[in-house]
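*Asks:* Going down the list, the sequences are from chains Y and V. Whatever position you read off the first sequence (first residue = 1), add 96 for this note's numbering. Whatever position you read off the second sequence (first residue = 1), add 35 for this note's numbering.
Fair warning: there could be bad hints in the mix.
Dumping the calculated DMTMM-like pairs for lysine to aspartate or glutamate here, alpha-carbon to alpha-carbon at most 25 Å [said to hold, decoys possible]:
(1) Y:K355 with Y:D428
(2) Y:K511 with Y:E477
(3) V:K56 with Y:E239
(4) V:K67 with Y:D176
(5) Y:K236 with V:E156
(6) V:K71 with Y:E286
(7) Y:K415 with Y:E403
(8) Y:K113 with Y:E239
(9) Y:K247 with V:E62
(10) Y:K236 with V:E85
(11) Y:K288 with V:E156
(12) Y:K136 with Y:E286
(13) V:K67 with V:E84
DEER-style ranges, computed between Cβ atoms [what the hints assert, rightly or not]:
(14) Y:N175 with V:E59: 49 to 59 Å
(15) Y:P100 with V:G158: 29 to 39 Å
(16) Y:D517 with V:D186: 42 to 52 Å
(17) Y:P380 with V:G158: 33 to 43 Å
(18) Y:G327 with V:A203: 52 to 62 Å
(19) V:K150 with Y:P296: 48 to 58 Å
Incomplete in silico selection of chain V near chain Y, CB under 7 Å [said to hold, decoys possible]:
(20) Q72
(21) S90
(22) T116
(23) M117
(24) I169
(25) E172
(26) A176
(27) G178
Just so you know, the hints here were simulated from the structure itself, not pulled from any lab data. Given the structure is predicted, the values throughout are model-derived calculations rather than measurements. Ideal Cβ positions, reconstructed from N, Cα and C, are used throughout, including at glycine.
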Amino acid sequence: MGYPHPPHAKESVVLSKHFGDAGARTYAGWVERGGYEGLKKALGMTPDALIEEVKASGLRGRGGAGFPTGLKWSFMPKNDGKPHYLCCNADESEPGTFKDREIMRWTPHALIEGCAVACHAIGAETCYIYIRGEFTEPYKIMEAAVADAYKNGAVGANAMGSGKRIDIVLHRGAGAYICGEETALMNSIEGKRGNPRIKPPFPAAAGLFGMPTTINNVETLAAVPHILMRGAAWYKGLCLSNPKSTGTKLWSVCGHVMKPGNFEVTMGFPMKDLIYELAGGMRPGRTLKAVIPGGSSVPLMNREEAESALCDYEGVVEKGSMLGSAGFIVMDDSADIVYEVYRLAKFYAHESCAQCTQCREGTAWTTKILERMLHGQGKPEDLDLLLDLSDNMTGKTICVLSDSCAAPIVSGIKKFRGEFDAYLARAKGPAVAV
Amino acid sequence: MSAAQGAAPTEAPHEPVFAGKPRERLEALFPKYPTKQACLLPALWIVQEERGWISPAAMAEVATVLGLTPAYVRGVVTFYTMYHTHPVGRHFIQVCTTSPCHLCGSDDVVKALLKETGCGELGTTSADGRFTVIEVECLGACGFATPILVDNDFIESVTPERVPGILAGYR
Ligand SMILES: Cc1cc2nc3c(=O)[nH]c(=O)nc-3n(C[C@H](O)[C@H](O)[C@H](O)COP(=O)(O)O)c2cc1C
Ligand code: SF4
Ligand code: FES
Chain Y
97 MGYPHPPHAK ESVVLSKHFG DAGARTYAGW VERGGYEGLK KALGMTPDAL IEEVKASGLR
157 GRGGAGFPTG LKWSFMPKND GKPHYLCCNA DESEPGTFKD REIMRWTPHA LIEGCAVACH
217 AIGAETCYIY IRGEFTEPYK IMEAAVADAY KNGAVGANAM GSGKRIDIVL HRGAGAYICG
277 EETALMNSIE GKRGNPRIKP PFPAAAGLFG MPTTINNVET LAAVPHILMR GAAWYKGLCL
337 SNPKSTGTKL WSVCGHVMKP GNFEVTMGFP MKDLIYELAG GMRPGRTLKA VIPGGSSVPL
397 MNREEAESAL CDYEGVVEKG SMLGSAGFIV MDDSADIVYE VYRLAKFYAH ESCAQCTQCR
457 EGTAWTTKIL ERMLHGQGKP EDLDLLLDLS DNMTGKTICV LSDSCAAPIV SGIKKFRGEF
517 DAYLARAKGP AVAV
Chain V
36 MSAAQGAAPT EAPHEPVFAG KPRERLEALF PKYPTKQACL LPALWIVQEE RGWISPAAMA
96 EVATVLGLTP AYVRGVVTFY TMYHTHPVGR HFIQVCTTSP CHLCGSDDVV KALLKETGCG
156 ELGTTSADGR FTVIEVECLG ACGFATPILV DNDFIESVTP ERVPGILAGY R
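Just chain V, same shape as in the assembly (with noise of 0.2 Å):
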């Protein structure tokens, strides 16, 4: 593509995500089940564990340690909402809005997150890089609304007024 037509983003050369530690725990997956292909979903999960995010390149890589075509990794990688295919901020927020917790205000949770991240629009990340506030349906919690994950941090019970203190943990 040329430059005149605004160039995608180069990315760095891919530095394999499976050697060392991530590939032990690879290998360590293959026993318990009786395809490759199963492994899958841990795999991804692994990269996103290593890199925050699943770039086309590391969709490559799996295809080749489990025997599968990068075209079929990115069919089932885009499926799940949870798997990131573009870089997100360094926090993650998830805040639930199904019914049960918009009943109990989670409107205004939305927005106070809003606010307080910077982000001003949900699904956008903050100048600052530091968070990424989307809005996802039931969380599992619909007795604790409104329930919200920071990056594997699952808080319930949020509400407007405690969303400062909690931001304030995550620098």
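Same shape as in the complex, but just chain Y (with noise of 0.2 Å):
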């Protein structure tokens, strides 16, 4: 499988350069691109020292919180005699969202060698990447990586001669969205049921194993160690809005598009040109109706929202959404937004661990309720049905799927009222109870 476009003269590559270009794929093709060299020099620098280079970037957590790396990597205990670890969430399970897994198919030492530094700025010895089990082919091209960085030296006993420990294992995932969630994720490598853990405790006092663990995206590793070899002030510049969002960022943009695909650009740039120029725009005679910015776990932008949004973490709340991971679903006039907000809701009752009433009811009712509308037995007290489980669903359980399932909800509602009215005045009969 080839990668789909060159990039466009828009697109800012850093992390996606090599996308393509299977030489890439092995440590000597790696080591021939620059490679290994931002290991080289972590290890020459105190945890300390790594730390600051990485607050001093601005990187910001790729996964979907958007939390300072080096100030996360910072709550890391030190000398407390503990065995550290660091998990690298490589789940990508969030609907709309594809881009941790191009970065594992074409870069794989791109991510091991951030996992690397990663290790040594947290006093860690152990990685593990945790890769969802449908991701059969970036698990082999990862496997064969991991692999080559031993034979190399890379990593091992004596990572790069460095005297330092750092192993690299490859966990495999089995099928639930909700290991993504960082808690959930620790649980499962455990050998667990994927529930999410009450915090606190927080991962860097007691996560994997009961020991303090990080525990990062896989974008936000592979970043740093362009961070290491190009400067702390070099990622901070790469910055066309607010100075709190650097670097840059791959976005997946997928749905109704002429050419959907990961497209990395500088943070603070513009919706509508990623919409219309890199992701190729509407289907001919299509109008943009609605966008979900972040994955699917948050509010729908309509189409001036999208149209005036930038593309950083500021820009996005302040058009009414969030960032969330960047994976855009664009539709078009076409779409049915009742259906798809259905769909959603589907997807996180199916994928709800069960534990919280809010969310086990709450995602498993709000599907019924719309599935009934979509049947045209659709109530007319549903609506404010929808939104009053929504609010019970959100600020109020374990980790945050519940107020994920509501975000496209009520935004829906919100701004696409009249299609939700529209079925409901369509309902036919005497609605049947669910």
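Put the complex together from the two separate chains, hints included.
*Replies:* Here it is, written out as structure tokens:
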């Protein structure tokens, strides 16, 4: 499988520079392309200096929450005599998001290198890379790359000849979106059901196997070696709008666009250009209706909001949504908003781990109510009922899966109420109870 | 259970999975984790690769090998959707129908798959035992709609027209 598109002139390729170039998959190929220099440099620095450099770069987590990476690393205890762990989150299951997959498929050593650097920064000897079970091809590529990195001494008992031990272990998931939630992921590695844990304690205090743990997304870790090689100031300078959002970012764009795919642009890039130029815009005769910009777990944006937004953490919030994992689900005027939010509710109902009543019952009932609406059996009070349920699903549970289900529904009703009303107006005869 | 009640299909006596090569694979995992329990997911993958599904007897064997209880192992197996607790067709097909793929026509791909495999319905196995087709949530390849997984083969950009050709490769 090749990479579908050559970079667009408006892309700023850093992470995706070698996408489509199978030669970059081997250790030797990666070194030829300047790889492992970042790790070499990192191993010559103190962990504190490393953390300061990443802090200064402004890098924020690319997994969804946007937490500053250097700050997260600094929470790890020092000289506590306990084993520390790094978890790399490669569970990528958020609808609309498919960027970590491409990093692993094309530049596996970029990820290994980033993991090794982070291990040194947080005093960990072992990094577990948790790859979702369905990613069979990325797993194979990562497996070969890890073996290659061991063979060449980049990782292992004496990483890069530094005298430091850094082990990289791949752990395969088995089908569960919730295992992307950080504490569920840790439970899953421990051989448990993937139920999120109540926080505190936070992972830096008691995480994997009860030990201090840091968890980072694939894209976050893959960016780190570039920061070390080219400097925090360079990375911080990659910013078109808000100085709190720095660097480049991979945006997955899917749905009703002519050229779906991943596009790497500098933070603050106009969303309009991303959709209409890089992703090829709408199909002939179609117009943009809505975008869910953060994977599926965030509020929908209508056309006006999407066309005026800037692609960074703050820019998307300003237009009423959230950046999340930066996967754009684009819908044109042929999309049925009621069906699509129903399908997302069904997704969350299927993926709820069922620990919290609000989430277990809320996602299931939301799905049923939307389903009856679609079948022409909605009741006039259903919209209020959905909003009430959503209210009870927000901010009240162990993790935010429940909130994630509510976000597209509440915003869908708010911004596209007419489509829901139309289903209710068409409702035939006496509604049957579900 | 009496035969009159409809006896459960009797399972062939359980041949241990963790002997020979699979045993070596399992033991190679132990040093990678501080607990044996952490080898549970990989051990279940080994069982499924060897046997095609995870039977109650295999769960009991995993429990013994890792020092857990069969009930605990069952609890974990049933949490994850990719482990089969029943036998499935020779080729197991997973097709994504979540919103991004739905927008790009995954419903028609599902229809074509059900028709061409002879499964007729999602979640069932074709009469010849060759295929099982199930609908799954986002496969993490939404820009390459519609992706399907046939066994371990991840196939992107599937359209109804491509379905017969793809299936021809799985006899
Ligand atoms: C339900 C749920 C699913 C998540 N799925 C993922 C995922 O697939 N990949 C990911 O990197 N982060 C995911 N996250 C976010 C992680 O919990 C965590 O914030 C992230 O991995 C931290 O890495 P970062 O700081 O580098 O972003 C998910 C969160 C929730 C609540
Ligand atoms: S909010 Fe839902 S997914 Fe998260 S812990 Fe509660 S029940 Fe599980
Ligand atoms: S929605 Fe089908 S792969 Fe993501």
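*Asks:* Run every hint past the structure and note whether it holds.
*Replies:* Here is what the structure says about each hint:
no. : hint                           : verdict
1   : Y:K355 with Y:D428             : 14 Å, holds
2   : Y:K511 with Y:E477             : 18 Å, holds
3   : V:K56 with Y:E239              : 19 Å, holds
4   : V:K67 with Y:D176              : 22 Å, holds
5   : Y:K236 with V:E156             : 32 Å, violated
6   : V:K71 with Y:E286              : 9 Å, holds
7   : Y:K415 with Y:E403             : 10 Å, holds
8   : Y:K113 with Y:E239             : 22 Å, holds
9   : Y:K247 with V:E62              : 21 Å, holds
10  : Y:K236 with V:E85              : 18 Å, holds
11  : Y:K288 with V:E156             : 32 Å, violated
12  : Y:K136 with Y:E286             : 31 Å, violated
13  : V:K67 with V:E84               : 21 Å, holds
14  : Y:N175 with V:E59: 49 to 59 Å  : 39 Å, violated
15  : Y:P100 with V:G158: 29 to 39 Å : 32 Å, holds
16  : Y:D517 with V:D186: 42 to 52 Å : 46 Å, holds
17  : Y:P380 with V:G158: 33 to 43 Å : 38 Å, holds
18  : Y:G327 with V:A203: 52 to 62 Å : 54 Å, holds
19  : V:K150 with Y:P296: 48 to 58 Å : 53 Å, holds
20  : Q72                            : 4 Å, holds
21  : S90                            : 17 Å, violated
22  : T116                           : 4 Å, holds
23  : M117                           : 4 Å, holds
24  : I169                           : 11 Å, violated
25  : E172                           : 5 Å, holds
26  : A176                           : 5 Å, holds
27  : G178                           : 4 Å, holds
In summary, the structure is inconsistent with hints 5, 11, 12, 14, 21, 24 from the numbered list given earlier, while agreeing with the others.
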